[in-house]
Every structure is written in structure tokens, then in C-alpha cells.
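Add chain B with the ligand to chain A, keeping to what the hints say.
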Amino acid sequence: MELFRYATSVYGDKVIIGASFDLLQWFVGAGVAAVLAHAIFKWIVPSH
Amino acid sequence: MSSHAGSVQAGQIQRHKLVDRLYHWVMAVCILTLLATSLLPIIGWKFAWLAIHWVTGLVLTVAVLFHIVRALFFQKPMSMVVDGQDLQNLGSGGRPGKYNLAQKLYHLAIAVLILSGIASGLVMLRKIDTPWWRRDPYWFSDSSWGVIYSAHDFVAMSLVTMIIIHVYFALRPDEWHLTRSMFRGWITPKEYKDHFDPKRWNAEEEA
Ligand code: HEM
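In the order they appear, the protein sequences are chains A and B.
Oh and the first sequence: position 47 is 47 in this note's numbering, straight run, nothing missing.
Oh and the second sequence: position 200 is 200 in this note's numbering, straight run, nothing missing.
Bound-form chain B, shown alone:
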């Protein structure tokens, strides 16, 4: 129960610092913008989407780099890695640490998808005109471009599935404490006690 971390007050357990919440929402806006700009024209709503798309892609790239540095050097990266205790809890129903098995697997899948979207998107920038260069379609063979575009397209369609699942869990009343914590940063001591194993997630120490 910390009183010094941001706006968290006595009676509140900090779950996400302001900077991490900002990252989450910047990423969410970027992903939704990338999906809307690329998929709406495909399903029939035509507009000049490409510039908004790749500029948003660059913003997402910078945001994700920031998150990687922060997660690796300023947070506890192992709290997002599946461990033996997560698997044992499957049978025993024990309480999780900061993140449960489903959340860790979801994070792994979304990380692979977004990093693949960024990697393929950055390469695809070579195939369009930007303020810095003219397009060069001969950078790769036609079939190699085809593979890169296919990877980018499958990432886009998979993200649609992942977002439907993510929004469903965020809206479920039994997950509401987690959703609130992504807006306001904290959960209550009772929620901490009911849902988490304090030995696996020491919120005091982390705050």
C-alpha cells in the first residue's frame, strides 16, 4: 500500500504506473488505427490510408522499443514469463503472481504478432514513397515481397481475433479490477488478497 507512487493513495495497491498505462493506451490507439487504416479500405471504405498507416506504424515502433527497454531494465520481466508454478496452479487452482498463465500466453502471442507486424512493415516502407526515399520495388524479388506482404497481412487478421478476445476479457465483471487498474493504476487491498499470491507478486516492493 504505497502512498508515494504517483496518484496512488493509502488503501490502494499500485498495479500499473502512469508511464506504463500511457504506453498501453498509445499502443492500443496505434493498433486500432493501423487496423482501421488498412482493413477498412479492403472491406469497401476507400480513403487515402497509406500515409496515416505508416506514420502510425513508426509511432508504434518507437512505443514498443520504449516498452522493451522499460520492461527489461526497469520492471520485472520474469513476471511475464510462464514458470513451473503457473503449470502447477492449473491443477491446484492456486493464486497467480502479477500475471496469470492466460495473460502470459496472451502477452507472448501479441508480442510475436506486433513484432512481426513492425519488422515486415519497416521493410515494406522501402516499397513506398516517403519524404526520405523513392520507392524501390527491386529491393527483393516479387516472390520475396509476396512472403513479406503475406506475413504483414496474417498479422493484421490475427490481431483482429486477439483484440476481440482482449476486449471481451476487459469487459467481464470478474476482471473489472484489472481493467480499472489500466485506467487508474490501482487495485484495492481486498482485490490484491483475493486474486493474487503476495509471495509471487510483492506489490509493496514494486511500488
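Excised from the complex, chain A in its bound form:
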């Protein structure tokens, strides 16, 4: 999976044009994972 999006410039070079939006699913996953981790922790150790 690429971190960035690329295009070809008028000179034929590969230039970076932005971040790869394929990464979006990982950012959603990180949010969901953090929520689940906290919820499970609170469930196991309720008074903490």
C-alpha cells in the first residue's frame, strides 16, 4: 500500500501530489481500535 499519490510531470518525472486515500480505512480502524481497547479495559477494570 502506497503512502502517497503520484503523477507524471511534463518533464516525465514522478511527482508527489498528495497522500494516498487508501490509508483512510487504517485511520478509521485506528479510531475504532482505540475505542474498543478503552471500552474493554473499562469493562475489565471498572473502577479505574
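Treat the hints loosely; a few may be bogus.
Keeping only pairs whose Cα atoms sit at most 30 angstroms apart, straight-line, the calculated BS3-like set for lysine-lysine is [as the list claims (entries may be wrong)]: (1) B:K104 x B:K190; (2) B:K190 x B:K46; (3) B:K46 x B:K193; (4) B:K98 x B:K193; (5) A:K42 x B:K199; (6) B:K199 x B:K98; (7) B:K17 x B:K190; (8) B:K193 x A:K42; (9) A:K14 x B:K127; (10) B:K46 x A:K14; (11) B:K127 x B:K17; (12) B:K193 x B:K104; (13) B:K98 x A:K42; (14) A:K42 x B:K46; (15) B:K17 x B:K76; (16) B:K104 x B:K17; (17) B:K104 x A:K42; (18) B:K190 x B:K98; (19) B:K76 x B:K98; (20) B:K46 x B:K127; (21) B:K104 x B:K76.
Calculated from the structure, these hints are not laboratory results.
If you're wondering where the values come from, they're calculated on a predicted model, not measured in any experiment.
Chain B with the ligand only, in chain A's frame:
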């Protein structure tokens, strides 16, 4: 327990003044609009998003400037800065001041992200047509534009993670007093006593 600050009455401890709650909700609407207008077309829902996006970006810019002035000169900015007591409380479980360590770290992260989104977004305005100027793609080299667009894109995707976490905490029943205070402005004296250290957050003095 103040009775003179806005709609706060006896038996209520003011946590957020009306102007600060309005700022919070204006910012929330702006961020959600910016995310929806930019990311929905990427995941397949095509519409004319750009004008709504950059106009909302300008509204957010003005709102954030307002918040910075208000926080620095009319509020207690140090209440949002991590201090030694926050770190000591990690071990001892002591009560926090107005904001706990997690909230301070969250605020720091969201401030860095939003300020980066604003800075890169304002520069990107040069690359599109607006009522005030024609686009000038030669302002920067192609690769510099690429870095600026990448920064803007990573801010957008990181904000998705941050919002998922923020909404989860706002919906948790044990945080409900904080969520209520962002709608109605106040917490109860019992919530104040149970959750906060009055020496670190003097709500009387602040009201
Ligand atoms: C902080 C929340 C913001 C988010 C989540 C966000 C998100 C995005 C995303 C994902 C894109 C697509 C970029 C690309 O194609 O690589 C974009 C484009 C753009 N954004 Fe934002 N943005 C935000 C704030 C702003 C602000 C504050 C402004 C300006 C005032 C702004 C102005 C622009 C412009 C002009 C473009 C389009 C550039 C083009 O199509 O060439 N954005 N934004």
C-alpha cells in the same frame, strides 16, 4: 455556584460560558462539513464540493482565531497545559483541575491538526479560482504543492480517527456530566466535588 453568569442558577457550577459552547459547536459543524465535503467524493459520492469546502475553511479560520484570542486573554490558558501534578496523579489517582491529562493531550493533538489544516488550506486557496483571484499553480513547484497537499490530506484522515475517539468519550455515561456541560454550560456541585480538585479548578472564581 454562581447565579450571575448567563443562565447558570444556584445549584449549578458553570463549566463553559455560552460563547465558548457556541465556539465548540461552530467548530464541530465546520470540521464535519470539511470532512464530508472532501472525503465523501473520494469514497464515491460525487458532488460540487470545493466551494462549500473552502468557504467553510474560512469560517473555521475566523472561529479558531477568535478562540485563540479568547483563550489567551480572557480565559486561563494554563488550565489546558500539562503540568507536574497531572503526571503525579497518574500514579496516585488524584483528581484533576478543569481538564485532565487525557483531555489536555487530546486538545494539543487536535490543535496541531486543525492549525496545520488551516495553514495548508489557506495556501491551497492560491491553487483554485476564488472571487478574488485566478488560480496560480506556479506559486510553488509541483513537488512543494505535493507536500502541502499531503499535509492537508494527512490532517483530514487523522481528524477522522480523532473524531471517532472524541464522540466515544462524549457518549460514555461516566463522562456524561462533561457532555452535558458542553450543551447547557454547567455541572452539579456533586459532580464538581466528585470529579475535580477545587484547588486546581476554582469554578467560583472563574464564573
Ligand atoms: C481542518 C479541516 C479540513 C479538512 C479535514 C480538509 C480536507 C481536505 C481534503 C481531504 C482535500 C482534498 C485534497 C487533495 O485533493 O489532495 C481538501 C482540499 C482543499 N481544501 Fe481542505 N480541509 C480542511 C480545512 C481547509 C481549510 C481551513 C481551507 C482553507 C481556508 C481548505 C481549503 C482547501 C482547498 C482550497 C482545497 C482544494 C484544493 C484543490 O482542489 O486543488 N481546507 N481539503
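Against the structure, the hints come out as follows:
For the hint pairing K104 (chain B) with K190 (chain B), the CA-to-CA distance comes to about 23 angstroms; that is within 30 angstroms, so the pair holds. Between K190 (chain B) and K46 (chain B) the CA atoms are separated by roughly 50 angstroms; this puts the pair beyond 30 angstroms, and the hint is violated. About 51 angstroms separates the Cα atoms of K46 (chain B) and K193 (chain B), which puts this hinted pair outside 30 angstroms; it is violated. With a C-alpha separation of about 12 angstroms, the suggested pair K98 (chain B) and K193 (chain B) falls inside the 30 angstroms cut-off, and the hint holds.
With a CA separation close to 28 angstroms, the supplied pair K42 (chain A) and K199 (chain B) stays within the 30 angstroms bound. A distance of roughly 10 angstroms separates the Cα atoms of K199 (chain B) and K98 (chain B); the hinted pair therefore holds under the 30 angstroms criterion. For the proposed pair K17 (chain B) and K190 (chain B), the alpha carbon gap of about 20 angstroms is at most 30 angstroms, so the pair holds. Proximity of K193 (chain B) to K42 (chain A) is assessed by CA-CA distance (about 22 angstroms); at most 30 angstroms being required, the pair is judged to hold.
The straight-line distance between the Cα atoms of K14 (chain A) and K127 (chain B) is roughly 20 angstroms, inside the 30 angstroms bound, and the hint therefore holds. Straight-line distance between C-alpha atoms of K46 (chain B) and K14 (chain A) comes to about 27 angstroms, which keeps the hinted pair within the 30 angstroms bound. Pair hint K127 (chain B) plus K17 (chain B) does not hold up; C-alpha atoms about 39 angstroms apart against a cutoff of 30 angstroms. Our distance criterion of 30 angstroms between C-alpha atoms is met by K193 (chain B) and K104 (chain B), whose separation comes to about 20 angstroms.
Taking the CA atoms of K98 (chain B) and K42 (chain A), the gap is near 22 angstroms; set against the 30 angstroms cutoff, the hint holds. With a C-alpha separation of about 40 angstroms, the suggested pair K42 (chain A) and K46 (chain B) falls outside the 30 angstroms cut-off, and the hint is violated. Distance check on the hinted pair: K17 (chain B) and K76 (chain B) sit about 13 angstroms apart at the alpha-carbon level, within 30 angstroms; holds. Of the supplied pair hints, the one linking K104 (chain B) and K17 (chain B) holds, its CA atoms being roughly 19 angstroms apart against a limit of 30 angstroms.
As the CA atoms of K104 (chain B) and K42 (chain A) are separated by approximately 20 angstroms, the hinted pair is consistent with the 30 angstroms bound. The straight-line distance between the Cα atoms of K190 (chain B) and K98 (chain B) is roughly 15 angstroms, inside the 30 angstroms bound, and the hint therefore holds. For the proposed pair K76 (chain B) and K98 (chain B), the alpha carbon gap of about 10 angstroms is at most 30 angstroms, so the pair holds. About 21 angstroms separates the Cα atoms of K46 (chain B) and K127 (chain B), which keeps this hinted pair within 30 angstroms; it holds.
For the proposed pair K104 (chain B) and K76 (chain B), the alpha carbon gap of about 13 angstroms is at most 30 angstroms, so the pair holds.
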